[in-house]
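Engineer: Sequence:
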Amino acid sequence: MKVIKNKLSLEDKEFLEKYFENNSRPNDKEKNEIAHFLKVSYRKIKNWFQNRRAKERLCMTYEKISEHEIEENKVYPQCNSLYLRYFLF
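Heads up: the sequence shown begins at 1 in UniProt numbering, then just goes up one per residue.
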C-alpha cells in the first residue's frame, strides 16, 4: 500500500517561516494550534520545526567554516545540506 504524503503549500511554508523567525521553539499547545490552523497533523508541524532548527544549525556551522576556509574558484552553495554532509563531514 502506497502512503500519500500531503505536502505543505507555499503559503503554509511562508506562514511557518514567519512563525519560526519569532519563535523557533513553540510549545506543544502552540504546535497544536498551528496544526489546527493549517489543517495538518501535529506531527507534521513538530517535524517541520525540528527539521528547520536542524537546517538553521547546519547553516551556522557552514558560515563558521566558510569564514575560515574559503577557497578561490570553489562553489559554496547556500546551506545545501547534501553538499555539507558530503564535503564537510
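Simulated from the structure, these hints should not be mistaken for laboratory data. Among these hints, one or two may not hold up.
Said to hold, decoys possible - In the DSSO-like style, the derived pairs of lysine-lysine whose C-alpha atoms are separated by at most 27 Å in a straight line are:
| no. | residue 1 | residue 2 |
| --- | --- | --- |
| 1 | Lys39 | Lys13 |
| 2 | Lys44 | Lys55 |
| 3 | Lys55 | Lys18 |
| 4 | Lys39 | Lys64 |
| 5 | Lys29 | Lys55 |
| 6 | Lys7 | Lys39 |
| 7 | Lys29 | Lys18 |
| 8 | Lys44 | Lys13 |
| 9 | Lys39 | Lys55 |
| 10 | Lys44 | Lys64 |
| 11 | Lys44 | Lys29 |
| 12 | Lys64 | Lys7 |
| 13 | Lys29 | Lys13 |
| 14 | Lys55 | Lys31 |
Claimed, not checked - Pairwise CB distance ranges, derived in the manner of DEER restraints:
| no. | residue 1 | residue 2 | range |
| --- | --- | --- | --- |
| 15 | His36 | Ile65 | 38 to 48 Å |
| 16 | Lys46 | Glu14 | 15 to 25 Å |
| 17 | Lys64 | Asn6 | 17 to 27 Å |
What you are looking at is a predicted structure, and each value in this text was computed from that prediction instead of being measured. All C-beta atoms in this analysis are idealised placements derived from N, C-alpha and C, irrespective of residue type, glycine included.
Engineer: Look at each hint and say if it fits the structure.
Structural biologist: Against the structure, the hints:
Of the pairs offered as hints, the one joining Lys39 and Lys13 holds, with about 13 Å between alpha carbons and a cut-off of 27 Å not exceeded. At most 27 Å may separate the alpha-carbon atoms for a hinted pair to count; Lys44 and Lys55 meet this at roughly 16 Å. Taken as a hint, the Lys55 and Lys18 pair is honoured in the structure, with Cα atoms around 15 Å apart against an allowance of 27 Å. Taking the CA atoms of Lys39 and Lys64, the gap is near 38 Å; set against the 27 Å cutoff, the hint is violated.
Taken as a hint, the Lys29 and Lys55 pair is honoured in the structure, with Cα atoms around 23 Å apart against an allowance of 27 Å. Taken as a hint, the Lys7 and Lys39 pair is honoured in the structure, with Cα atoms around 12 Å apart against an allowance of 27 Å. With a C-alpha separation of about 18 Å, the suggested pair Lys29 and Lys18 falls inside the 27 Å cut-off, and the hint holds. Restraint check for Lys44 and Lys13: the C-alpha separation of about 12 Å stays at or below 27 Å, so the hint holds.
A threshold of 27 Å between alpha carbons decides the hint, and for Lys39 with Lys55 the separation of about 24 Å falls inside it, so the pair holds. A C-alpha spacing of about 30 Å is found between Lys44 and Lys64, which places the hinted pair above 27 Å, so the restraint is violated. For the proposed pair Lys44 and Lys29, the alpha carbon gap of about 14 Å is at most 27 Å, so the pair holds. For the hint pairing Lys64 with Lys7, the CA-to-CA distance comes to about 32 Å; that exceeds 27 Å, so the pair is violated.
Taking the CA atoms of Lys29 and Lys13, the gap is near 19 Å; set against the 27 Å cutoff, the hint holds. At roughly 19 Å between alpha-carbon atoms, Lys55 and Lys31 fall within 27 Å of each other, so this suggested pair holds. At roughly 40 Å, the beta carbons of His36 and Ile65 sit within the given window of 38 to 48 Å. Restraint check, Lys46 to Glu14: a C-beta distance of roughly 19 Å satisfies the suggested window 15 to 25 Å.
The given range of 17 to 27 Å is broken by Lys64 and Asn6, whose C-beta atoms sit roughly 36 Å from each other.
Checked against the numbered hints above, the structure breaks hints 4, 10, 12 and 17 and satisfies the rest.
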